[in-house]
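Keeping their order, the protein sequence lines are chains A and B. Heads up: the first sequence is residues 1 to 455, going by the working numbering. Heads up: the second sequence is residues 1 to 229, going by the working numbering.
I should point out that these hints are in silico values taken from the structure, not numbers from a laboratory. Treat the hints loosely; a few may be bogus.
[Stated by the list, open to error] Now the in silico label distances, taken between C-beta atoms and shown as ranges:
| # | chain 1 | residue 1 | chain 2 | residue 2 | range |
| --- | --- | --- | --- | --- | --- |
| 1 | B | P154 | A | L232 | 53 to 61 Å |
| 2 | A | K367 | B | S63 | 45 to 53 Å |
| 3 | B | D189 | A | L258 | 22 to 30 Å |
| 4 | A | E264 | B | R69 | 38 to 46 Å |
| 5 | B | R144 | A | V233 | 39 to 47 Å |
| 6 | B | T2 | A | I275 | 30 to 38 Å |
| 7 | A | I275 | B | G23 | 19 to 27 Å |
| 8 | A | A304 | B | S63 | 57 to 65 Å |
| 9 | B | G23 | A | I229 | 27 to 35 Å |
| 10 | A | E264 | B | D189 | 34 to 42 Å |
| 11 | B | T217 | A | A304 | 38 to 46 Å |
| 12 | A | G341 | B | L141 | 42 to 50 Å |
| 13 | A | G234 | B | S63 | 51 to 59 Å |
| 14 | B | S63 | A | L279 | 40 to 48 Å |
[Unchecked claim] If the Cβ cut is set under 10 Å, some of the chain B residues that face chain A in the computed set are:
| # | residue |
| --- | --- |
| 15 | S67 |
| 16 | R89 |
| 17 | T130 |
| 18 | A131 |
| 19 | V133 |
| 20 | V153 |
| 21 | D196 |
| 22 | H198 |
Every residue gets a Cβ at the ideal spot worked out from N, C-alpha and C, and that includes glycine.
Chain by chain, the residues run as shown.
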Amino acid sequence: MLRNATSRLIAAYLIAAAFSTGLALGFVYWSAGGVIDAEARQVVEAELRGLADDYARGGAAGLARAITRRLETPASRPEGRDAVYLLATPGGARIAGNLARWPADAAPGPGWVTLQLYRVGAEAPTTISGAALRLAGGERLLVGRDVAARAAFDRTLIRALSWALAVTAALALGTGWLLTRLVLSRIAEIDRAARRIMGGALEQRVPLRGAGDEFDRLAETLNAMLDRIAALVGDLRMVTDSLAHDIRSPLGRLGRHLEAALDETAAPDERRARIERALGEAETVLATSSALLEISRVEAGVGADQFAPIDLGALARDMADLYAAAAEERGAAMRCAAAPGVVVQGHPQLLAQAVSNLIDNALIHAKGAGPITLTARREGGRAVFSVADHGPGVPEAERARVLTRFSQLDPSRGDGGAGLGLALVAAVAQMHRAEIALSDNAPGLRVTLRFPVAP
Amino acid sequence: MTRRILIVEDDAETRAYLAKGLGEAGYLVETTGSGREGLYLATGGGFDALLLDRMLPDLDGLSLLKSARAAGVAAPAILLTAMSATDERVRGLRAGADDYLVKPFAFAELEARLEAVLRRPADAAPASETALVCGPLTLDLIAREAVRGDRRVPLQPREFQMLEFLMRRQGRVVTRTMLLEGVWDYRFDPKTNVIDVHISRLRRKIDAEGEAPLIRTVRGAGYMMSAGA
């Protein structure tokens, strides 16, 4: 509750609430006060004109009667009690009205004045606002309003303002406290979960309240992020383990070959053969690491700036042509079923490399059992490219696994690959936002890439 | 004429290996491990080709090349890199490189490519040529026909392109990757020996029984076309 963010939040809320309430009531005061003043002025001026008419008709005596009449019936007029009148001789002595004498500092003339005056029979002065007039006979006439009424209105308003401010402040404090408590408790939950995960409980997730609110959505996003991280960590662990195996084993053999080659008692032919085998192992390690590097770069999207329109049909024809001779030598034919105008946005070299990996695999695994077919066509708004062989295929349960790094269907078969070819194809597919699917070619394997078509 | 090569490579061992190999191949070699010094040397002029490492501690190879090209250095340049070729190559070519080699590379590959970029100006005027000749073999570029002696050799379009590529580089080593790049425009390493099979078919077509072979295999490097093999 006393943590900085909380108190700052409440203080900011409080200040904003006080400011807006003050502003609202201040505006009421300013506009209502102005209206009241203007109205009082209009009434006083109208009265002054009315009394001047009375004077014109009945002279000073008639005016004095009119004033006395007005003072006698205060209840009939709402502002009656606040009204002040004074009819004085040219010298300032009272003829009629409820003021004791003509104020020394009020010269009759146009204009609105505020004065300290003594009422008839009153000890203390009252503040009045009013206007004065010199009549034709030299008498002076003053009509005004007691300001006390206005002051009372002000006091009422200020009281209302104070109450409103107090209530607003209390409400602000209350809601602020509730709000921050609510927010902080949810944040604390997320914080606790994050700490547990940092502490090593990697399977922990942020709890959901099931309210479907922003916090649940945040928790869902965080959990999805944690799932992704967990998958990546799992991947990394697997890759590290495989790396250890696929790099260390050939390096170990390389070392042993070189060691044997150093043996001066061995036959020169034998030593030369050892060195050649060591070179072969070095090439294996290099090939594995380049393939890994390539996969990581593709996964990181390096080269996505080199995307260009690629005709998948032309790619199929080119690759079929490139592999035709080599496939024929292995007892397989390259077939090509390319529809025209199947164009996608892609990286020309990486796509060609992916297709080449698929054909290499087909040549290795299908061992001349029927033709290898490359297909490019449109299918339901998508561009589809597939490579199909008639080899042993991949069992359904293994299809997801063979797309990951270092996974070989049957490691004991030892076809020389490190299990990175399909991983690169999968990475290239992901880079092109293409779906990759392995299916049964009955018999054999069909690898299908479904590309989104550029709009 | 002895050709001068500038090698800018920060790894001392690779530098010494390249200098030794190229020195033995008859080039006059100058080396440095610093990109800035490399730029200074390159702009000083007098080199027939530049071999630049892509990653240098002070000034990387790409920037070096861009600056050198901006300063009017026209000598062909080959970038050497530990990064994959598929996308870095495009960046290298944009920066003004003539070729791009991914480490580790076979020395023969470097030599073949260096020869290729050094000869490039000679290849730049093939438009006027209507035929290529290699001993008894004539390649008619207009009719797109090959004739060996008085025998017409039937060729597929790709075979014709391969033969043209080889014949334009007679007496020089052409590696498998150079062929894959030059004829198919692909820059990756297929696991399958696709190029070797294509070459052996081409050979069977142009060399009949008892005829002298025109395409020679250069062990560990690639192929060479020459009439006097």
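Practice item. So, V153/B near chain A? Judge it on the closest CB pair being under 10 Å. Key: Not OK, violated: V153/B not within 10 Å of chain A, min 16 Å.
Practice item. Go ahead and decide if the range 30 to 38 Å is satisfied by the Cβ distance of T2/B to I275/A. Key: holds (33 Å)
Point to revise | Distance restraint hint 51 to 59 Å, applied to the beta-carbon atoms of G234/A and S63/B | key: For G234/A and S63/B the Cβ distance comes to about 39 Å; the hint is violated.
Review point. Do E264/A and R69/B keep their Cβ atoms within the hinted range of 38 to 46 Å?
Key: violated (52 Å)
Exercise for review: Look at the Cβ atoms of G341/A and L141/B and judge whether their distance stays inside 42 to 50 Å.
Suggested key: violated (32 Å)
Practice item. Starting from the hint 19 to 27 Å, judge whether the C-beta atoms of I275/A and G23/B obey it. Key: holds (24 Å)
Check your understanding: Given R89/B as an interface hint, is the shortest Cβ-Cβ distance to chain A below 10 Å?
Key -> holds (8 Å)
Review point. Does the nearest C-beta of chain A fall within a distance shorter than 10 Å of the C-beta of S67/B?
Key: violated (23 Å)
**Study point:** Agreement of hint H198/B with chain A interface, Cβ distance less than 10 Å
**Key:** Constraint on H198/B satisfied, holds at 5 Å.
**Study point:** Cβ distance range 34 to 42 Å for E264/A and D189/B, holds or violated
**Key:** holds (37 Å)
Check your understanding: Regarding K367/A and S63/B, is the given constraint of 45 to 53 Å on their beta-carbon distance met?
Key -> holds (50 Å)
Practice item. Determine whether the Cβ-Cβ distance between S63/B and L279/A falls within the hinted range of 40 to 48 Å. Key: violated (35 Å)
The structure fails hints 4, 5, 8, 9, 12, 13, 14, 15, 17, 18, 19 and 20 (numbered hints given earlier, in ascending order).
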